[in-house]
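Number of protein chains: 2
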Amino acid sequence: MNYSFAPHTKNYESSAVRDILKVTQQGHVISFAGGLPAEDIFPIEDVKIAYDKVFASGNSSLQYGLTEGFLPLREAIQSRMELKGISSHPENILITTGSQQVIDLFSRVMIAPGDVVLTEDPTYLSALQVFRSYGAQVTAVKSDDHGMDPEDLRQKIDTLNPKFIYVIPTFSNPDGKTWNQERRQCLINLCYEYNVLILEDDPYGDIQFHPDEQYQPLAVLDEEQTHVVYTSTFSKSVVPALRTGWVTGPQEVVQMMTKAKQMNDLHSSSIDQQALYYLLRDFDLNGHIERISKEYYLRMTIMRDYLNKLEPGLFTWKEPKGGMFMWIEGNETLNTTALLHKAVEKGVAFVPGAPFYVNQPKHNTFRLNFSHSAPEKLKLGMDRLVDVLLNPAVV
Amino acid sequence: MNYSFAPHTKNYESSAVRDILKVTQQGHVISFAGGLPAEDIFPIEDVKIAYDKVFASGNSSLQYGLTEGFLPLREAIQSRMELKGISSHPENILITTGSQQVIDLFSRVMIAPGDVVLTEDPTYLSALQVFRSYGAQVTAVKSDDHGMDPEDLRQKIDTLNPKFIYVIPTFSNPDGKTWNQERRQCLINLCYEYNVLILEDDPYGDIQFHPDEQYQPLAVLDEEQTHVVYTSTFSKSVVPALRTGWVTGPQEVVQMMTKAKQMNDLHSSSIDQQALYYLLRDFDLNGHIERISKEYYLRMTIMRDYLNKLEPGLFTWKEPKGGMFMWIEGNETLNTTALLHKAVEKGVAFVPGAPFYVNQPKHNTFRLNFSHSAPEKLKLGMDRLVDVLLNPAVV
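Protein chains in written order, with my numbering: chain H, 18 to 412; chain E, 18 to 412.
Since the hints were made in silico from the structure, they are not lab data.
Derived lysine-lysine pairs resembling DSBU-like cross-links, with alpha carbons at most 30 angstroms apart: (1) H:K338 to H:K101; (2) E:K276 to H:K359; (3) E:K394 to H:K70; (4) E:K27 to H:K27; (5) H:K70 to E:K65; (6) H:K359 to H:K379; (7) H:K276 to E:K27; (8) H:K326 to H:K394; (9) E:K101 to E:K276; (10) E:K359 to H:K276; (11) H:K379 to E:K276; (12) H:K335 to H:K311; (13) E:K379 to H:K276; (14) H:K326 to H:K311; (15) H:K396 to H:K363; (16) H:K65 to E:K65; (17) E:K101 to E:K335; (18) E:K359 to E:K326; (19) E:K276 to H:K27; (20) E:K335 to E:K396; (21) H:K70 to E:K70; (22) H:K159 to H:K338; (23) E:K276 to H:K276; (24) E:K363 to E:K326; (25) E:K70 to H:K65; (26) E:K70 to H:K394.
Ranges between beta-carbon positions, derived for each pair: (27) E:E240 to H:S96: 56 to 62 angstroms; (28) H:N178 to E:I66: 55 to 61 angstroms; (29) H:H227 to E:S74: 35 to 41 angstroms; (30) H:K70 to E:D400: 33 to 39 angstroms.
Among the chain E residues that face chain H by a calculated CB cut under 7 angstroms, a handful are: (31) I61; (32) S77; (33) Q117; (34) R260; (35) V270; (36) D282; (37) S287.
As the structure is a computational prediction, the values presented were derived from the model and not from experiment.
Every residue, glycine too, gets a C-beta built ideally from N, C-alpha and C.
Whole structure, please, built from the sequences with the hints as guidance.
Laid out in structure tokens, this is it:
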């Protein structure tokens, strides 16, 4: 039978990242490809204790819940956000299946086919796929190491009338970049001036390498709480299997997203939500985040020191100030997709950078994840990778 | 700020059922409104044991998983479906956040604005909302107690060229109806003749009151496995808080839905999926389903006996053969929305039937859920309801 799918499905692609994950999950390959947190330091004992508390609380814990999410969890999230300076209210918080669902629900309620969405370049691959699946025209704003270029940003807002601007201002995926304060304020000012919404994706903000530095979420700068829709997740700070993220923002927007979520899946797992509530109440999550951050910093420095072994000028990268990724650019003739095949043969994997670009893909870039592999494995993988990178026959 | 949502959001409504749930969850009201399973017989001890096994299996159980879902769970679901005569393969099974997400993802990949979707009348309210949110023209096929009317079905398929047909053939929500074999076969034959897809929603099929009777899922009759997309869930047979459903069907369709799910939420909670796998492996789920079915039958008979106290001819209903709902029709002047306000004042709630209709709503209908309230509470609620129904001043 010939299945006539909706026309927009022509834009669907399977995520390159996840497809590579599938291959490298098997066998001997050391993968720096996936955006995976460190399994070896998951707080599994404390997670188990939290689930025990759910079941001890009685049968009603297993009944249907509200689409908005478990209220005590929303209250706990509000308190955590307040510590970062983000004002919110439990009624303006929606619990989701990871922050991926926030990107999808927000796009669903906002994008009409043909609408323009502005992004950084490169940016989170799956977000690009979502925006395009709803028919958005995604346009990249020129960016440098500090954020979006103010002139190009103003010009594109002014001429393209975007529906919203999607940014990951802190320890970005894929390129580990962090916006400076000036660029953050500039984005907010322009969005106030032109009345444009911002979707601020902040999954990595907690994983900070230099505790003395401060990076204000855009949601803090949005003083009237009218222009920023902010999303984050516990996938990186607790464990991914929980699949628990959230969104906060203008009430009208969050309520519309709640209606969309009701149609999408009624509500996310409420066993997980309740467990997470007990975890936030009784477990030292901030201590755990500090521990992760120190460990990820260590792993990043190991990776960095290997990269420093490469011939100066052949590859360039910036040391990230947090998060889980390094972004490397080779010389202009390098094709990292070809390189990946060679790397996998040698037992190591990364993600080619091209799919993360909105406009002209740079085929000489790739992303490395430093959080997943424990130090010894990381060293072994980097031995292999440096070997591949140093061997010109490879390319 | 003025938020310019996508135009299709004009079709969004908050579900009447869930809004009523919100009101009646508080206080003294005995609610027959929500589609809630019986909390008092949740197998909470066995659920807890299953989660313990997840955490005992080690840290990798808390890592990201595949969009398709936890493979051993998909294998276990395949085995369970085989017992019902449904042929499948783990590769053609996608695990979702409840079967609501199946309805949404299937609609997302199939419906182009203006496409016709055929349904029963009345039918599942939230499915109607989903179809309309994607721009579908929903059209009802004439139905009687045995299923869709073959002539009207043929005529509507022939003239309207529907994208798919949505049905709940066994113990339906809202009206508790069960299609006979002839009508099932007729639907399959027509869909083969005209090459139309069927979305078979089967959340209640396990909850059967007369074990000697047989109701073949349409997926069994779809011998070439080309025309039926079948969905079910563990929300009713195990516990709702797990939010674990699944879909199986033609590989091409399930794969497209998997791509949509990847964009939607990457994957559903994998802690829940693993726990469910251990539960299916080690717990006597079939014994539990038998226990639930007997208990729900008992509760249904209590409700039925109360309804029998009403003046003959004033209200009509059919005794359901399974599931969780009774559907009652009053005389033509009755308005059950007005009646609901009076009922809530008296401490009992139901769902007015009108929103479940596709075409002309019958304002004299309402739905009662008999599964949620334990017998004593059920009797107290029915005392109140009969009192409201017998008092003509009420209406």
